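Protein chains in written order, with our numbering: chain A, 7 to 219; chain B, 5 to 217.
One thing to keep in mind: the hints can contain errors.
Said to hold, decoys possible - Straight-line alpha carbon distances no greater than 20 Å define the calculated DMTMM-like cross-link-like pairs of lysine to aspartate or glutamate that follow:
#1 LYS196(B) with ASP40(A)
#2 LYS194(A) with ASP166(A)
#3 LYS194(B) with GLU182(B)
#4 LYS196(B) with GLU31(A)
#5 LYS196(B) with GLU144(B)
#6 LYS146(A) with ASP81(A)
#7 LYS194(A) with GLU87(B)
#8 LYS91(A) with GLU182(B)
#9 LYS146(A) with GLU87(B)
#10 LYS194(A) with GLU159(A)
#11 LYS194(B) with GLU195(A)
#12 LYS91(A) with GLU46(B)
#13 LYS196(B) with ASP20(A)
#14 LYS146(A) with GLU133(A)
#15 LYS91(A) with ASP81(A)
#16 LYS91(A) with ASP37(B)
#17 LYS91(A) with GLU68(B)
#18 LYS194(A) with GLU139(A)
#19 LYS91(A) with ASP39(B)
#20 LYS91(A) with GLU72(B)
#21 LYS185(B) with GLU31(A)
#22 LYS146(A) with ASP192(A)
#23 LYS146(A) with GLU174(A)
It is worth saying that the hints were derived from the structure and are not from the lab. Given the structure is predicted, the values throughout are model-derived calculations rather than measurements.
Each chain, letter by letter, is given below.
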Amino acid sequence: MGSQANTTPLVCADAQRIARAWVQELRLAADDADGMRRHCATCASCARRFEALLPFFARDAGGTAVSPREDPSPDFVNRVMAQVKRAPDARQRVRRIRLAAIAAGLIVFAGVSVLMLRIGAARAAGETLVRFELVAPGAKSVSLVGSFSGWQESGLALSDRNGDGIWEIAIRLRRDSLYTYNFLIDGKEWVSDPAAAAQVDDGFGGTNSVLSL
Amino acid sequence: MSEHDAHDGCGPLSQEKEESADLLAISRVLQGDPDAFRPIVERYRGLVYRLALCSLGNREDAEEAAQEIFFRVFRSLHGFRMERRFVPWLYAIAANYLRTRAVRVRAIDGALVRDLEQRIPDRAEDDPHSRAVRTLSAAEIRHAVATLPVPLRDAVTLYYLEGMSIQRAASTLGVGMENVKSRLMRARGKLKTLLGADATKPPRAGYNRSENG
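Could you build the full structure based on these sequences and the hints that come with them?
Next up, the structure:
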């Protein structure tokens with residue numbers, strides 16, 4: 007393909023052949039792309055079939071993007087930055103990196119009605135429901151391992167239900183107790199919780215996070 | 005600057021320098037300087053916005069989603085491993101978020117195909133001897149791309165709409181170059197059906213030009 011376009015106008019059979027070949031091949035000869043454009047300008051039938059594909063032909067013939075790029079509104083960057091700075095925990099999260107490679111958050115559940123019922127039941131038994139959260143977008147699995155589970159490495163599996171990289175689990179723990187724990191990422195990378203109230207030496211050169219309820 | 009200039013290696017920043025600039029900015033953010041996040045937003049706002057636009061179908065949702073994606077990226081930076089490249093990580097977060105959000109906000113596929121057919125004007129009104137080849141608007145192309153299955157759509161967005169090389173699109177998507185080529189081939193087949201007039205469809209009234217093949 008491509009040798010005839012500059013000298014001999016395409017006929018419909020050429021256009022159909024080029025379009026078929028285009029589906030199969032990543033590259034299209036520049037002459038063919040130009041020939042298709044000129045042919046569509048004179049042939050209603052082929053224009054109807056191929057005109058809308060001309061930008062794609064041109065791209066595959068070595069052109070740039072198929073259409074003018076649409077950009078967000080001019081104040082988009084400022085709005086993002088305002089949100090970043092407004093976030094109550096954003097700067098805290100940034101500071102946490104000084105303490106660990108991957109930050110983890112620990113918060114107590116509240117607000118959702120079903121959870122409140124659970125919390126109520128747990129409170130009756132002297133327990134409280136605690137939610138552990140770890141932001142780890144690249145992780146395949148995350149486990150919570152601690153004194154409350156005998157430090158079994160199988161741990162308690164966190165879930166990333168919506169695939170946004172935020173792993174979480176909620177467990178009941180006894181009140182008036184002190185716990186130590188860490189996260190285990192992909193079964194091999196131990197991460198302490200920099201959001202914990204305290205860290206203690208684990209005796210192996212690392213730290214364990216401390217939770218006091 | 006335009007991120008696309010950088011993608012093609014002919015802009016103010018080559019890909020390597022762009023990656024170095026990303027890592028430097030991330031380091032500064034992680035050292036407690038949230039303003040250092042601004043160049044990252046400026047560099048990739050177009051990419052993220054257009055991925056959102058092709059996924060969600062309208063500017064308002066796309067801007068909101070793009071803003072949320074950047075906020076999530078900021079919140080997750082402490083989980084970024086500096087030995088990795090930033091753009092694939094950014095894409096993974098964006099794709100995960102958009103996949104979740106798209107389920108909620110759109111019943112888009114069928115509606116978009118019908119919408120696209122309405123947007124492409126009836127060429128029968130054109131003067132058969134003087135009409136210029138009509139180029140689809142960016143919105144029309146984007147609407148067509150939005151109807152593709154996600155894996156094909158993202159490959160088309162990066163290669164055809166963003167103007168990335170195959171190599172860079174593969175790197176961004178976290179797949180091999182052959183995988184991208186295969187996705188693009190399948191996408192071209194679907195686009196040919198979608199954007200080219202269906203051969204079985206009766207000609208629009210008023211088409212009176214004869215084929216010249």
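Verification of the supplied hints:
{"no.": "1", "hint": "LYS196(B) with ASP40(A)", "in the structure": "holds, 18 Å"}
{"no.": "2", "hint": "LYS194(A) with ASP166(A)", "in the structure": "holds, 18 Å"}
{"no.": "3", "hint": "LYS194(B) with GLU182(B)", "in the structure": "holds, 19 Å"}
{"no.": "4", "hint": "LYS196(B) with GLU31(A)", "in the structure": "holds, 13 Å"}
{"no.": "5", "hint": "LYS196(B) with GLU144(B)", "in the structure": "holds, 14 Å"}
{"no.": "6", "hint": "LYS146(A) with ASP81(A)", "in the structure": "violated, 36 Å"}
{"no.": "7", "hint": "LYS194(A) with GLU87(B)", "in the structure": "holds, 18 Å"}
{"no.": "8", "hint": "LYS91(A) with GLU182(B)", "in the structure": "violated, 42 Å"}
{"no.": "9", "hint": "LYS146(A) with GLU87(B)", "in the structure": "holds, 18 Å"}
{"no.": "10", "hint": "LYS194(A) with GLU159(A)", "in the structure": "holds, 10 Å"}
{"no.": "11", "hint": "LYS194(B) with GLU195(A)", "in the structure": "violated, 44 Å"}
{"no.": "12", "hint": "LYS91(A) with GLU46(B)", "in the structure": "holds, 16 Å"}
{"no.": "13", "hint": "LYS196(B) with ASP20(A)", "in the structure": "holds, 16 Å"}
{"no.": "14", "hint": "LYS146(A) with GLU133(A)", "in the structure": "violated, 31 Å"}
{"no.": "15", "hint": "LYS91(A) with ASP81(A)", "in the structure": "holds, 15 Å"}
{"no.": "16", "hint": "LYS91(A) with ASP37(B)", "in the structure": "holds, 10 Å"}
{"no.": "17", "hint": "LYS91(A) with GLU68(B)", "in the structure": "holds, 17 Å"}
{"no.": "18", "hint": "LYS194(A) with GLU139(A)", "in the structure": "holds, 18 Å"}
{"no.": "19", "hint": "LYS91(A) with ASP39(B)", "in the structure": "holds, 8 Å"}
{"no.": "20", "hint": "LYS91(A) with GLU72(B)", "in the structure": "holds, 14 Å"}
{"no.": "21", "hint": "LYS185(B) with GLU31(A)", "in the structure": "holds, 9 Å"}
{"no.": "22", "hint": "LYS146(A) with ASP192(A)", "in the structure": "holds, 6 Å"}
{"no.": "23", "hint": "LYS146(A) with GLU174(A)", "in the structure": "holds, 13 Å"}
The earlier numbered hints that this structure contradicts are 6, 8, 11, 14.
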